[in-house]
Amino acid sequence: MKFTRLIQISIALFPLATLDAQSPKVGPPRGTVLVVGGGSLGPEVLGKFIELAGGPDALIVDVPTAGGDSVYPGDWPGTHSLKAAGAKHVDVLHTIDKKLADSDSFAAVLSRAG
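Under the numbering used here, the first residue of the sequence shown is numbered -12, with each subsequent residue one higher.
In short, the hints are calculated from the structure, not lab data. Heads up, a few of these hints could be off.
Stated by the list, open to error - What follows is a list of derived Cβ distance ranges for each label pair: (1) D89 x V58: 15 to 23 Å; (2) S92 x P11: 18 to 26 Å; (3) G41 x A94: 16 to 24 Å; (4) E31 x L87: 15 to 23 Å.
To be verified - For lysine to aspartate or glutamate, the following EDC-like pairs were computed, each having C-alpha atoms within a straight-line distance of at most 20 Å: (5) K12 x D56; (6) K75 x D56; (7) K86 x D56; (8) K86 x E31; (9) K75 x E38; (10) K70 x D91; (11) K35 x D84; (12) K85 x E38; (13) K75 x D91; (14) K70 x D89; (15) K86 x D44; (16) K35 x D56; (17) K85 x D44; (18) K70 x D49.
For each residue, glycine too, the CB sits at the ideal point set by N, CA and C.
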């Protein structure tokens, strides 16, 4: 009797266990993910990144917030490798202020980057 009940419960719960596995996972409607390891990036990776961003004339927005500094100037060293690889328009966008990060002025820079 207990075994029969266990089978009934298992059958009843099985659809719930497989529900997540059956749900399609959809990423952003556009864009590309370029996954690289730590350390410096070689010219082939930077070149591909610039190509995927729309070419040397595309606006690339560098968001260095994870670096932990409170201020990042527009010419901070993190942008040098992109510029050396041919990117002509690299903007730095950084804040630790949530209100500023959610502002229209911040969103406008990202919108221009497409």
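Handout entry: Hint numbers not upheld by this structure, sorted from lowest to highest
Key = Result: hints 2, 4, 5, 6, 8, 10, 11, 12, 13, 14, 15, 16 and 17 break, sorted rising.
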